[in-house]
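Modelling step: build the complete structure from the supplied sequences, incorporating the hints.
Listed in order, the protein sequences are those of chains A and B. Mapping to this note's numbering: the first sequence position 156 is 156, numbers consecutive. Mapping to this note's numbering: the second sequence position 236 is 236, numbers consecutive.
Just so you know, nobody snuck in bad clues.
Quick list of in silico lysine to aspartate or glutamate cross-link-like pairs, EDC-like style, CA-CA up to 16 angstroms:
id: 1; chain 1: B; residue 1: 67; chain 2: A; residue 2: 27
id: 2; chain 1: A; residue 1: 306; chain 2: B; residue 2: 51
id: 3; chain 1: B; residue 1: 23; chain 2: B; residue 2: 208
id: 4; chain 1: B; residue 1: 10; chain 2: A; residue 2: 309
What follows is a set of in silico ranges between Cβ atoms, one per label pair, in the way DEER data are often shown:
id: 5; chain 1: A; residue 1: 307; chain 2: B; residue 2: 62; range: 24 to 30 angstroms
id: 6; chain 1: A; residue 1: 31; chain 2: B; residue 2: 106; range: 17 to 23 angstroms
id: 7; chain 1: B; residue 1: 52; chain 2: A; residue 2: 58; range: 39 to 45 angstroms
Here are some chain B residues pointing at chain A (derived, C-beta under 8 angstroms):
id: 8; residue: 52
id: 9; residue: 88
id: 10; residue: 145
id: 11; residue: 176
The hints are simulated quantities; they were obtained by calculation from the structure and are not laboratory data. We put the CB at the ideal spot given by N, CA and C, even for glycine.
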Amino acid sequence: MSAVMTDALDGASVNSPVAKYVSRFADHKIGFGKQLRSEWLKMWTLRSTWWMMGATVVLMAGLSLLFAGVMDLVVNEMRGMGGGGAGAADISEMSVGIVIVVLGYQLAQLTVAVFATLTITNEYSSGMIRATLSATPRRLRTLLAKLVVVTLTTIVVTLVGLTLAWAVTYPLMSSNHTLVDFSQWDQVRSLLGTVLYLVMIAWMALGIGTLMRGSAGAISTVMGLILVAPMILGMIVMFAPNIGWVGQIYRFLPSEAGQQIVMQLDGMMGPDSGAMSVEMLSPWVGFAVLAAYAVAALAAGAWSMKRRDA
Amino acid sequence: MIEARNLTKKYGDKLAVDHINFKVNPGMVTGFLGPNGAGKSTTMRMIMGLDRPTDGTVYVNGLPYAKHVSPMTEVGALLEARAIHPGRSAYQHLKVLAATHSLPTSRIDEVIALTGLESVADKRVGGFSLGMGQRLGIASALLGNPSTLILDEPVNGLDPEGVAWVRNLCRYLAGQGRTVFLSSHLMSEMAQTADHLIVIGRGKILADMSVEQFVETGTKRYVRVATPNAAALAQAVTNAGGRAVTPGGTPAGSAVDGAVAHLEVSGLDAPAVGELALTNGVVLHELTPISSTLEEAYMEMTADSLEYQTLAPLGQAPAVDADTAFAYAPATPAASSADVEKEAQA
Chain A
1 MSAVMTDALD
11 GASVNSPVAK
21 YVSRFADHKI
31 GFGKQLRSEW
41 LKMWTLRSTW
51 WMMGATVVLM
61 AGLSLLFAGV
71 MDLVVNEMRG
81 MGGGGAGAAD
91 ISEMSVGIVI
101 VVLGYQLAQL
111 TVAVFATLTI
121 TNEYSSGMIR
131 ATLSATPRRL
141 RTLLAKLVVV
151 TLTTIVVTLV
161 GLTLAWAVTY
171 PLMSSNHTLV
181 DFSQWDQVRS
191 LLGTVLYLVM
201 IAWMALGIGT
211 LMRGSAGAIS
221 TVMGLILVAP
231 MILGMIVMFA
241 PNIGWVGQIY
251 RFLPSEAGQQ
261 IVMQLDGMMG
271 PDSGAMSVEM
281 LSPWVGFAVL
291 AAYAVAALAA
301 GAWSMKRRDA
Chain B
1 MIEARNLTKK
11 YGDKLAVDHI
21 NFKVNPGMVT
31 GFLGPNGAGK
41 STTMRMIMGL
51 DRPTDGTVYV
61 NGLPYAKHVS
71 PMTEVGALLE
81 ARAIHPGRSA
91 YQHLKVLAAT
101 HSLPTSRIDE
111 VIALTGLESV
121 ADKRVGGFSL
131 GMGQRLGIAS
141 ALLGNPSTLI
151 LDEPVNGLDP
161 EGVAWVRNLC
171 RYLAGQGRTV
181 FLSSHLMSEM
191 AQTADHLIVI
201 GRGKILADMS
211 VEQFVETGTK
221 RYVRVATPNA
231 AALAQAVTNA
241 GGRAVTPGGT
251 PAGSAVDGAV
261 AHLEVSGLDA
271 PAVGELALTN
281 GVVLHELTPI
291 SSTLEEAYME
301 MTADSLEYQT
311 LAPLGQAPAV
321 DADTAFAYAP
331 ATPAASSADV
341 EKEAQA
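Next comes the structure, spelled out in structure tokens:
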């Protein structure tokens with residue numbers, strides 16, 4: 001190699017005018033499709049992606065199976081006490097099947113949020129962002145490419161998780177006559193809503209990650225919003241229902257507003273609203289509130305990415 | 001070709017880069033020198049569009065970097081801090097970058113071979129030594145076969161063989177007509193690699209000239225002589241209007257004839273000293289013209305613009321305890337490599 005270099009050096013005097021050098025790849029232009037491919041490769045060449053997406057599927061199916069087992073025990077108990085098929089009949093009226101199938105979103109939202117946050121924060125913490133923005137300097141397109149890839153991944157993983165949750169609980173649900181009823185719009189909406197809810201959580205997490213850049217801070221913030229705040233405010237609402245304004249904040253929290261699209265079902269109240277004095281938002285209004293949070297977070301992230309030094 | 005006009009970067013009240021103008025021309029290696037904190041890395045990041053200038057513009061090949069339709073083929077950059085995710089292999093890292101321009105897989109293999117990374121291409125970058133990380137950074141910079149290369153401290157952490165390799169590579173790339181813009185703390189390395197220098201201090205351009213011209217700005221110029229007839233020669237030099245001192249700086253008149261002594265003769269050039277010796281019958285064992293090295297010329301030029309003064313000159317030093325007096329360690333490649341490793345672990 002060094003011989004080649006020396007030859008080439010001898011051939012070119014430094015101070016003589018030199019022809020303009022043009023890369024032999026000069027006709028290889030950047031494009032959004034290529035950026036998507038790059039972001040896709042980027043995502044799936046990290047082990048953490050496989051772990052988190054694997055965990056999402058396992059948690060969704062596992063939680064459903066656990067609750068299906070509990071339900072089965074409870075129903076058998078009721079049969080023993082009440083005599084005959086009364087218990088089983090009651091439960092089939094109550095949309096228990098759909099609740100059990102979608103229940104895993106409560107855990108999946110955590111892994112999806114961490115995954116979406118890391119998609120951007122790990123670039124800033126490792127310095128990879130400098131390589132990324134050197135290759136594709138149009139920043140908003142780069143963020144958009146990440147958004148598309150995160151969205152696709154979340155949709156696919158959620159669908160796989162739901163399908164698996166439905167499949168592993170099928171025998172128990174079938175024997176208790178409480179299968180998901182695909183002819184009921186609210187049950188179909190709950191399934192679709194699980195996908196939509198997790199996509200919006202991912203968007204919000206990506207937006208917050210882009211805004212904050214640090215993994216630890218961004219993940220803490222997202223977890224505070226979707227896990228800690230509902231827990232604390234929920235307890236206040238439950239034990240001190242007369243403090244009205246807390247209830248107002250509570251029902252407008254991103255996760256509490258957003259999950260109504262999953263949990264408000266005919267014949268059964270959502271797990272939170274049932275015991276609460278607060279009237280939760282209606283499914284689509286609640287979802288719109290979550291979507292507004294997500295879009296606002298993304299807009300703030302995009303603005304920061306565009307304006308701030310990388 | 002890189003062209004900065006009135007380029008300025010302010011962090012708060014502090015002017016990191018202060019309305020600078022310069023041109024980096026193709027077909028040669030341009031060295032970028034300056035003390036730590038002088039604005040080198042900031043300038044390089046602004047060229048790459050990573051930092052937004054507070055004022056002014058910087059164009060690469062006629063356009064702001066972000067406006068190019070094929071950025072990786074225009075400019076390849078190795079920036080000071082590591083820009084590689086530790087969880088990917090070297091090959092995966094290059095593949096991710098190549099995908100943005102649909103560069104052929106064969107090009108990835110080419111740059112891996114060029115940088116000598118074949119044996120570790122499938123290993124995760126997290127386990128790389130600093131030198132291997134630098135090689136991968138250089139491979140990334142070369143990936144698009146760019147016409148302009150920006151290399152910030154490329155020899156950091158490289159062994160002597162690697163340092164020589166980077167030098168030859170830079171010379172080779174410039175010889176092909178590319179623009180090579182290079183920063184380094186190693187002055188002797190820069191003297192051997194660069195054709196042209198841009199020196200920056202406290203955000204301002206201190207010098208923009210060829211390496212030869214730059215070295216001539218150094219004030220040190222004398223002829224070193226070794227002779228057994230020092231007293232006779234010193235007398236002859238003084239008579240001819242020159243000045244002869246011992247290497248210690250004392251006038252050479254008192255030197256004893258017989259023993260071989262070294263003299264430093266200023267005011268006369270080497271041929272004149274040689275002729276003086278001949279006409280006076282003085283034996284010379286050595287006759288060497290000495291001038292400032294690149295490093296010395298650089299130290300003189302930047303003495304006033306050091307961002308962090310290490311120690312006040314002896315005699316004027318305020319009473320400080322030894323710990324704080326020596327607290328600042330000048331950035332050696334080893335020191336900054338520790339920083340980079342810390343960053344990589346974070």
